[in-house]
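A.B. asks: Residue strings, one per chain:
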Amino acid sequence: MDNKKSNHEIDVNKRDFFRKTAALSVTALAGTSLLSSNARADDPAIMHHVPWGQKWGDPVTKNRYGIPSAYEHNVTRRNTKLLASGNYRASIAVTPIHESMGIITPNGLFFSRSHGGVAHVDPNQYRLMIHGLVEKPIVLTLEQLKKYPSVTRTHFIECPANGGQEWRGPQFNSVQFAKGFMSSAEWTGVYIKTILEDLGLKPDARWMLAEGSDNSEMGRTVPVEKVLDDAMIVWGQNGEALRPEQGYPVRLLLPGWEGNLCVKWLKRLEFASEPWYCKEETSKYTALKPSGKAIQHFYANEVNSTVTSPSPEIPWTNLKEGDIVEIEGLAWSGMGTITGVDISFDGGNSYVPASLKGLVLPKSWTRWSYMYTIPKDFQINGKQIILASRAMDDAGYIQPTVDEETAIMGVESVYHRNGIETWEVTATGEVNHVQLRS
Amino acid sequence: MFNLDRKLIISASVAAAVAVFSGCMSGNAEPKGESTVNGKPTIDGGVYYPVVNDKTGPYYVNPQVAIDAKKIYNGRVPTANELKAWDKDLMPDGTGYPEGEGSVEDGEALYEAQCVMCHGDFGSGGGGYPALAKGNGYELKKTLTNNRYKNADGDGPVRVFGSYWPKVSTLWWYIQDGMPHPMSKTLTVDETYALTAYILNINEIEYEGEPIDEEFVLDREKMMKIVLPNNDGFIPNIDGPTGPDDVRAFYADPNNFGAKKVNPAERCMKDCLEPTAKVTYIAGAGISEFLPPMATERSLPKTEESNGGAKKHYEEACMMCHADTSMGAPAVGDAKAWAAVTAKGMDAVYHNGINGINGMPPKGGSDLSDADFKSVVDYMISQSK
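Protein chains in written order, with the working numbering: chain A, 1 to 438; chain B, 1 to 385.
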C-alpha cells in the first residue's frame, strides 16, 4: 500500500518535473525516452526494498574513527615498481586525482613519499631543536610548540618530480600517475617567523637546515627569506593531527615550494651563513640542463594545470553526440595565485577561457570548469579532440608548451616539468595521455 | 644588510596595524601579491603577500601576534651535550667533520658485508637501488651534456656520485645518517670514513693529483682537500655573502629555468603550436604496472585469500629482492635455489629469515609477526617447487 502511494506521488512529481524541464529546453529532451517512461521497465533499485533499508545499520559504537564506505575501496593511493627504490621505503604512492573533489585531499589519500620509510614517532618523545645563528637556541616538546599562536592555511604540496617521467614523451596513461604526485590540504601550525621574534636571528644567518628524525634523517637547506615570509611548522592537516605519512607529529611547510623541502618528522632547524649541500639537494632534486650545468635550489613549483575529468581512468565512453558535460581540472602555482585557465580542444593550438570555480587561494589547488557539448565521434573538423589546459598566475607566469620548455631545459632534468598536458579523446570516448611535440 | 631586510619584513605587519587607523585602505580589500620584497625581487621568482590591513592574501591575521611573539619563549635552552648529540651535520668547508679514519680496504670489506646486496658489485646498482659508481668520475662527468632532446636514441647523462655530486661531505654525512638503509646510524665514524674512501676509489677520484688506490686511508684533513669532478656543475651560486642574491637574480629571469611570462592580454589564443608539433603517443604500453591495478568501479572488495594474505605480504615486503636473482637472494620460482635453502631444515630457514642473513635484514625489513612471516616463507617455497 505504501509503495502504491509513493508511486503515485512520484508520478505527480515526474509530471511536474517534465513540464518544467520541457519549458526550459524542448530540444534537450528530443531523442530521449523520458516522455515515454511508461513504456520502459521499472528500475528494481526503486521498485524493491533495498537490504540496508530493512535492517539495523551499525551502532554508533562501531568505527569510532570513521572510514570510507567499503564500496570506495578502489579510491586509493597507488604505486609502481618503476618508483620502488628501497623496497618501497625510498618511494612514492600517488594520489587518485581523477577521483578528487574540490581543493582538499582527504588525509588518507594524500600522496606519500619518504626516503627511509614512514616513521612512527612517539609524540611524547618528540623534540624540536632550533639553534645555530640565533641569539637564544631552543628545545621544544610538542605541547610547547603547539602553545605558539597558530595559523591555518590551504596549500598544495607537490613533489617536483610530478610529471618528471615524461620529459621524453608520455609514459603513463593515467592522470593519477601523470599528475598525482601532489595533494592539497588545510594546514595548521605556526609561522617560523613568529618563533624567531623572540629567538632572534643573527645578522649573518642566510640559510636554515631542516632535518627529519626518520631513518634517512632527510635534510634540506632553506633560504632565510622564505623562513621570514610564510614558512610554517605544521602539526594539523585538515582539522586533525598530521598523518604519519605526512610527518606526524610535525613537518615543515614551505608553501608552494618543492614537497621535498617540506621536511617531515621534523627534529632540527639550524641557522648558518653558508648552505649545507644535503644529499637530496645535490644528488637529486637538481635539474640538469643541456649545458651540463644543473639547477640547484630550485624552490617553487611553477604554474601548472591538468584536466582531471575526463581522464584515462574515468573516460567519456558513456557519452554521445549532443550530451552536455562538465570538463573539470586543477590548476596550481607555487609562485602565487591562479588568475586564469584556458582550455583547448585541439591539443593547445587554440584556446578559450575556462571558468575558475570555488575558492581561489594563494599557492593552492584551484578548480576550473568548462561546460561542453559532445561532438559526433568526439571529433572537431574530422580530428579527435585533444584536451589541453593552460594556467596563469599572479606572478605573471603561464604554462609553456612542451616544445618551449624542452627548448630551454632539454629532457634530462627530471624535476619541475610544467609544460601543457594533453589528453586525446578517441572516437569511442576513451582518453589517452599524449603530448604535442616537435 | 640582511638585518635591515628582516626588520622591513617584520615591520610590514606593524605598518599594517597603523594603516587600519589611518584609514588608507578601504574596507578589507584583499592585498595583492607583490613581486618584490624590500625593493628586491623575491628569491623564488614568485610573489610575496604582505600583511596589509590585517590580511595576507585572503587570510585574516591577528595583529597582536607579531607584537606578543617577541615575548614568547615556550621551550628551554638545549644543553651542550644535547646540541652535540643532534648537531652532526657536515658542511663542505669542513665544519662538522669528525676525527677518525678509514681505509679503502676496510671500506671494501664493509661494502661487501653490508651494502653490495642493494648497491651491486662495485656500486653498479640494481633492484631499484641507486648505483654508486659507473667508472671514472672525471670521464663520466663529460656525459652530463648528453641530452636526448635532439637525439632520442643517444646515451643519456650518467648521474652517479663520482660524475655528479658536488661535495664529498654529502656522501659521508648521508652514509653516517641514512645507511645501511634498513638499519641506519649503526656505522662508526671510522667505518663511515672507510666506506667513503671505498666509494671514492671505485669512482676513481683523485687525491692531490693521484687516483685514490686501495692503500688510501681517508681522514678529516684529507677529505677537506678532495674536490669532486662536478664541484662547479651547479647553478645558481649559493655560497658566500652573495648567495641569496645570486639565487634571486637567477629566478628573476624565466629563461634560466624553463618558465614563461606573458601579459595575460597578449597570451596566444590561436595558432599557438609550432607547425612541426605532432601528437606523440605512449610508446607500447608505457608504464602501466600500477599497484593496486587501476579501477574505478564501486564494488565490495574481494575477500582475503585463504593463505592469510601471504601473497600480499610477499608482494609488499619480499618481492623486491626475491622476484629474481639480481639482488643475490634466492628467486621465487627457482626450485634449485630454494632446495639448497631448505636443505638446512625449515627451523633454520625460519630462524635465518626472522633474524636476517647475508644481505637480508631481519624479516626482510618488514614488521610482520613471526607467524605471518613464516607463512610468507611457506608461500615463497610453495611457489618454488
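Hints were generated in silico from the structure; no laboratory data involved.
Check the hints yourself; a few may be wrong.
To be verified - With a cut-off of at most 25 Å between alpha-carbon atoms, the simulated SDA-like pairs for lysine to any residue come out as follows:
1. B/K222 <-> B/E204
2. B/K185 <-> B/G100
3. B/K32 <-> B/G286
4. B/K261 <-> A/E186
5. A/K284 <-> B/Y73
6. A/K81 <-> B/Q114
7. A/K357 <-> A/L82
8. A/K293 <-> B/G100
9. B/K261 <-> A/V414
10. A/K284 <-> B/K142
11. A/K383 <-> B/K278
12. A/K202 <-> B/S369
13. A/K357 <-> B/K142
14. B/K185 <-> A/A70
15. B/K71 <-> A/P137
16. B/K55 <-> B/E34
17. A/K289 <-> B/E30
18. B/K302 <-> A/N124
19. A/K202 <-> A/S309
20. A/K267 <-> B/K88
21. B/K302 <-> A/V414
22. B/K185 <-> A/K55
23. B/K185 <-> B/E34
24. B/K261 <-> B/E30
25. B/K374 <-> B/T325
26. B/K88 <-> A/E186
27. B/K150 <-> B/E34
28. A/K267 <-> B/K374
29. B/K84 <-> B/Y73
30. A/K293 <-> B/R148
31. A/K55 <-> A/R40
A.B. asks: If you draw a straight line from the CA of A/K267 to the CA of B/K374, is it 25 Å or shorter?
C.D. replies: 37 Å, violated
A.B. asks: Going straight from one Cα to the other, do A/K202 and A/S309 come out at no more than 25 Å?
C.D. replies: 50 Å, violated
A.B. asks: Can the restraint linking B/K185 and B/G100 be considered satisfied, given a maximum Cα separation of 25 Å?
C.D. replies: With Cα atoms ~16 Å apart, B/K185 and B/G100 stay inside 25 Å; holds.
A.B. asks: Holds or violated: A/K383 with B/K278, Cα cutoff 25 Å?
C.D. replies: 13 Å, holds
A.B. asks: Check whether the Cα positions of B/K185 and A/K55 lie no farther apart than 25 Å.
C.D. replies: 56 Å, violated
A.B. asks: Holds or violated: B/K55 and B/E34, Cα atoms, limit 25 Å.
C.D. replies: Holds, at roughly 14 Å.
A.B. asks: So if I understand the rule, the pair passes when the alpha-carbon distance is 25 Å or less; does B/K185 with A/A70 pass?
C.D. replies: 41 Å, violated
A.B. asks: Take the C-alpha atoms of A/K202 and B/S369, compute the straight-line distance between them, and say whether it is at most 25 Å.
C.D. replies: 51 Å, violated
A.B. asks: Assess, step by step, whether the Cα of B/K84 is no farther than 25 Å from the Cα of B/Y73, and give holds or violated.
C.D. replies: 22 Å, holds
A.B. asks: Can you confirm whether the C-alpha distance between A/K284 and B/Y73 stays at or below 25 Å?
C.D. replies: 37 Å, violated
A.B. asks: B/K302 and A/V414: Cα distance at most 25 Å?
C.D. replies: 38 Å, violated
A.B. asks: CA of B/K185 to CA of B/E34, is that 25 Å or under?
C.D. replies: Violated, at about 45 Å.
In summary, the numbered hints that this structure violates are 3, 4, 5, 7, 8, 12, 13, 14, 17, 18, 19, 21, 22, 23, 26, 27, 28, 31.
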